[in-house]
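A.B. asks: Input sequences plus hints: build the corresponding full structure.
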Amino acid sequence: MSGVSGKDKRLAELRARIPEIEPTEAVALQARGAHLIDVREADEIAQGSPPGALRLGRGFLELRVEDAVKDKDATVLVTCAGGVRSLFAAEALTQLGYTDVRSIKGGFNKWKNGGLPVEVPRSLTAEQRERYGRHLLMPEVGEKGQLRLLDSKVLLVGAGGLGSPVALYLAAAGVGTIGLIDFDVVDRSNLQRQIVHTDERVGTPKVESARKTLLALNPSIKVNIHETRLDSSNVEEIFAGYEVVVDGSDNFATRYLVNDACVKLRVPNVHGSIFRFEGQVSVFWPNYPKRRGPCYRCVYPEPPPPELAPSCAEAGVLGVLPGVVGLLEAVETVKVLLGIGDPLVGRLVHYDALPARFTELSLDPDPDCKYCREGAVFPGFVDYETFCTNPGVAP
Amino acid sequence: MSNVTVRIPTPLRSFVGGADEVAVSADTVAGVLVVLGERHRGLIERVCDANGKPRPFVNLYLGPKNIKALSGLDTALTDGDVLSIVPAVAGG
Numbered sequence: 001m002s003g004v005s006g007k008d009k010r011l012a013e014l015r016a017r018i019p020e021i022e023p024t025e026a027v028a029l030q031a032r033g034a035h036l037i038d039v040r041e042a043d044e045i046a047q048g049s050p051p052g053a054l055r056l057g058r059g060f061l062e063l064r065v066e067d068a069v070k071d072k073d074a075t076v077l078v079t080c081a082g083g084v085r086s087l088f089a090a091e092a093l094t095q096l097g098y099t100d101v102r103s104i105k106g107g108f109n110k111w112k113n114g115g116l117p118v119e120v121p122r123s124l125t126a127e128q129r130e131r132y133g134r135h136l137l138m139p140e141v142g143e144k145g146q147l148r149l150l151d152s153k154v155l156l157v158g159a160g161g162l163g164s165p166v167a168l169y170l171a172a173a174g175v176g177t178i179g180l181i182d183f184d185v186v187d188r189s190n191l192q193r194q195i196v197h198t199d200e201r202v203g204t205p206k207v208e209s210a211r212k213t214l215l216a217l218n219p220s221i222k223v224n225i226h227e228t229r230l231d232s233s234n235v236e237e238i239f240a241g242y243e244v245v246v247d248g249s250d251n252f253a254t255r256y257l258v259n260d261a262c263v264k265l266r267v268p269n270v271h272g273s274i275f276r277f278e279g280q281v282s283v284f285w286p287n288y289p290k291r292r293g294p295c296y297r298c299v300y301p302e303p304p305p306p307e308l309a310p311s312c313a314e315a316g317v318l319g320v321l322p323g324v325v326g327l328l329e330a331v332e333t334v335k336v337l338l339g340i341g342d343p344l345v346g347r348l349v350h351y352d353a354l355p356a357r358f359t360e361l362s363l364d365p366d367p368d369c370k371y372c373r374e375g376a377v378f379p380g381f382v383d384y385e386t387f388c389t390n391p392g393v394a395p
Numbered sequence: 396m397s398n399v400t401v402r403i404p405t406p407l408r409s410f411v412g413g414a415d416e417v418a419v420s421a422d423t424v425a426g427v428l429v430v431l432g433e434r435h436r437g438l439i440e441r442v443c444d445a446n447g448k449p450r451p452f453v454n455l456y457l458g459p460k461n462i463k464a465l466s467g468l469d470t471a472l473t474d475g476d477v478l479s480i481v482p483a484v485a486g487g
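Here the protein sequences come in this chain order: A and B. Residue numbers for the first sequence follow my numbering, beginning at 1 and rising by one. Residue numbers for the second sequence follow my numbering, beginning at 396 and rising by one.
It should be emphasised that the hints constitute simulated quantities derived from the structure, not laboratory data. Ideal Cβ placement from N, Cα and C applies to all residues, glycine included. Don't take each hint at face value.
Think about it this way: if two alpha-carbon atoms lie no more than 30 Å apart in a straight line, the pair counts; the simulated DSSO-like pairs of lysine-lysine are [as the list claims (entries may be wrong)]:
1) B/LYS460 <-> A/LYS105
2) A/LYS72 <-> A/LYS144
3) A/LYS370 <-> B/LYS463
4) B/LYS460 <-> A/LYS335
5) A/LYS290 <-> B/LYS460
6) B/LYS460 <-> A/LYS222
7) B/LYS460 <-> A/LYS264
8) A/LYS212 <-> A/LYS335
Where chain A lies over chain B, by a calculated footprint (3+ residues, C-beta under 8 Å) [as the list claims (entries may be wrong)]:
9) 403 to 411
10) 424 to 435
11) 441 to 451
12) 472 to 486
Label pairs and their computed distance ranges (CB to CB) [said to hold, decoys possible]:
13) A/ALA172 <-> B/ALA414: 13 to 21 Å
14) A/ALA68 <-> B/ASP444: 53 to 61 Å
15) A/LEU215 <-> B/ARG436: 47 to 55 Å
16) A/SER232 <-> B/PRO451: 14 to 22 Å
17) B/ASP444 <-> A/ALA172: 40 to 48 Å
18) B/ASP422 <-> A/LYS72: 37 to 45 Å
19) A/THR204 <-> B/ARG436: 44 to 52 Å
C.D. replies: Pasting the structure below:
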């Protein structure tokens with residue numbers, strides 16, 4: 001019988017090859033840009049972890065590390081509870097091609113006992129891990145992104161054709177707070193396309209009907225309802241506190257209020273609009289950090305007069321169409337919340353269902369826009385309602 | 396003269412017999428509008444104001460570019476160009 005176990009022999013080999021550093025040295029290296037990977041299990045990490053650590057877990061380390069640390073020549077520091085698992089993990093990283101991998105002696109226990117900084121990371125509950133499992137598998141979302149969605153607040157203007165699919169998918173995705181504004185009640189003729197409502201709720205307020213459906217789908221989210229008509233006197237108060245506004249309204253008066261309030265509050269306005277067989281989708285966000293985008297008024301400075309506005313009258317719409325357009329709005333909303341991909345800022349997707357044609361058009365900011373130009377003094381909200389119901393007034 | 400395709404939005408298709416596209420021969424965007432005005436009664440009044448300028452709720456795109464970012468109504472056309480008339484729609 002040999003006196004040395006296989007594990008001890010293997011550890012001795014690893015210690016000979018993998019540089020080990022003190023926790024204090026790791027803090028200094030991390031401050032200079034080194035990546036710190038905590039390979040402990042989720043339940044251990046829930047008790048505390050070095051701030052800024054990448055919490056990858058030993059089990060999935062090899063599968064996930066290359067998304068988290070792209071530079072193979074970067075300095076990578078590995079920690080675990082006591083400094084043993086980190087040696088095995090460090091070796092695995094060298095086998096993946098990382099050239100400067102070091103293991104932290106004594107692991108997190110020594111780190112914590114040495115009085116070094118510790119943070120208790122927020123994490124998902126077991127139920128949330130199960131529910132959002134398909135998001136967690138994608139590095140673009142992951143636990144961090146899912147927590148971001150759970151913290152986010154999105155206001156949907158209109159609980160109708162566009163609002164229905166947006167609300168359902170954002171609730172399903174775990175957007176933590178969804179605001180709904182609509183003054184209308186469910187009519188049987190809505191049910192051809194407004195899939196958040198049900199036949200038995202005909203005659204009840206749309207916002208209440210929608211809230212029931214959303215909470216049945218995902219009871220953990222919060223649904224704020226605003227059963228009122230949006231106008232210049234309430235728009236700012238209602239919009240306050242939301243980080244994205246999704247426009248699913250059905251009239252120009254509301255669309256201009258939504259735009260003007262979003263410009264004033266510097267909030268992205270995820271726009272969708274439909275007519276019969278065609279739809280338009282864009283993200284109006286002049287303050288988008290990556291490029292200057294236009295607002296709705298840059299593209300359409302004034303609404304049409306009633307006699308030229310088919311949407312002011314009952315024009316008809318293919319029931320499926322708001323599903324397509326609303327879901328493009330929902331996708332853009334999730335992208336904006338997570339800060340991933342390239343949102344439709346300065347671009348408009350036009351969808352024509354009959355020829356099955358998507359066309360992308362480029363939208364430029366208007367340097368003279370009264371609402372969003374550089375240094376503009378906010379000109380005030382306009383209630384176009386009066387104008388829309390009075391065909392005698394020209395634009 | 397260039398042979399171009401003009402995409403007609405749903406709200407205006409009743410003026411062109413329901414077609415989603417019409418073929419026009421013209422040298423400039425302004426020329427297209429003249430031809431459309433002659434051929435399809437009532438259409439141009441929806442797109443342009445009394446001075447012949449596109450209305451503030453209608454944009455004209457040559458390919459993906461708004462003609463405002465090109466040479467406006469004087470924008471020259473070449474064979475195969477696609478000019479899209481895109482009005483604001485409000486339905487939801």
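A.B. asks: Next step is simple, just say for each hint if it's right about the structure.
C.D. replies: So, going through the hints one by one against the coordinates:
At most 30 Å may separate the alpha-carbon atoms for a hinted pair to count; B/LYS460 and A/LYS105 exceed this at roughly 60 Å. A distance of roughly 23 Å separates the Cα atoms of A/LYS72 and A/LYS144; the hinted pair therefore holds under the 30 Å criterion. This hinted pair checks out: A/LYS370 and B/LYS463 have alpha carbons roughly 17 Å apart, not beyond 30 Å. Between B/LYS460 and A/LYS335, the direct Cα distance comes to roughly 25 Å. Compliance with the 30 Å bound is thereby established for this hinted pair.
For a cut-off of 30 Å, the pair hint linking A/LYS290 to B/LYS460 stands: about 21 Å separates their Cα positions. For the given pair, B/LYS460 sits about 42 Å from A/LYS222 by alpha-carbon distance, which is inconsistent with the 30 Å threshold. Straight-line distance between C-alpha atoms of B/LYS460 and A/LYS264 comes to about 28 Å, which keeps the hinted pair within the 30 Å bound. Between A/LYS212 and A/LYS335 the CA atoms are separated by roughly 26 Å; this keeps the pair inside 30 Å, and the hint holds.
For the segment 403 to 411 of chain B, the stated coverage by chain A holds: 3 residues have a C-beta nearer than 8 Å to a C-beta of that chain, and at least 3 were required. With 0 residues having a beta carbon nearer than 8 Å to a beta carbon of chain A, the segment 424 to 435 of chain B misses the requirement of three or more and the stated coverage is violated. Restraint check on the segment 441 to 451 of chain B versus chain A: 3 residues with Cβ-Cβ distances below 8 Å, three needed, restraint holds. Three residues within the 8 Å Cβ limit are the bar, and the segment 472 to 486 of chain B against chain A gives 7, so the coverage statement holds.
Checking the proposed 13 to 21 Å range against A/ALA172 and B/ALA414 shows it is violated: the Cβ atoms sit about 40 Å from each other. Checked against the given bound of 53 to 61 Å, the beta carbons of A/ALA68 and B/ASP444, roughly 56 Å apart, stay inside it. Range check, A/LEU215 to B/ARG436: Cβ separation about 54 Å, and the 47 to 55 Å hint holds. A beta carbon spacing of about 20 Å between A/SER232 and B/PRO451 agrees with the range 14 to 22 Å that was offered as a hint.
Between B/ASP444 and A/ALA172 the Cβ separation comes to about 46 Å, which falls inside the hinted range of 40 to 48 Å. Separation of B/ASP422 from A/LYS72 is about 58 Å and departs from the stated range, judged on CB atoms against 37 to 45 Å. A C-beta distance of roughly 47 Å is found between A/THR204 and B/ARG436, which places it inside the suggested range of 44 to 52 Å.
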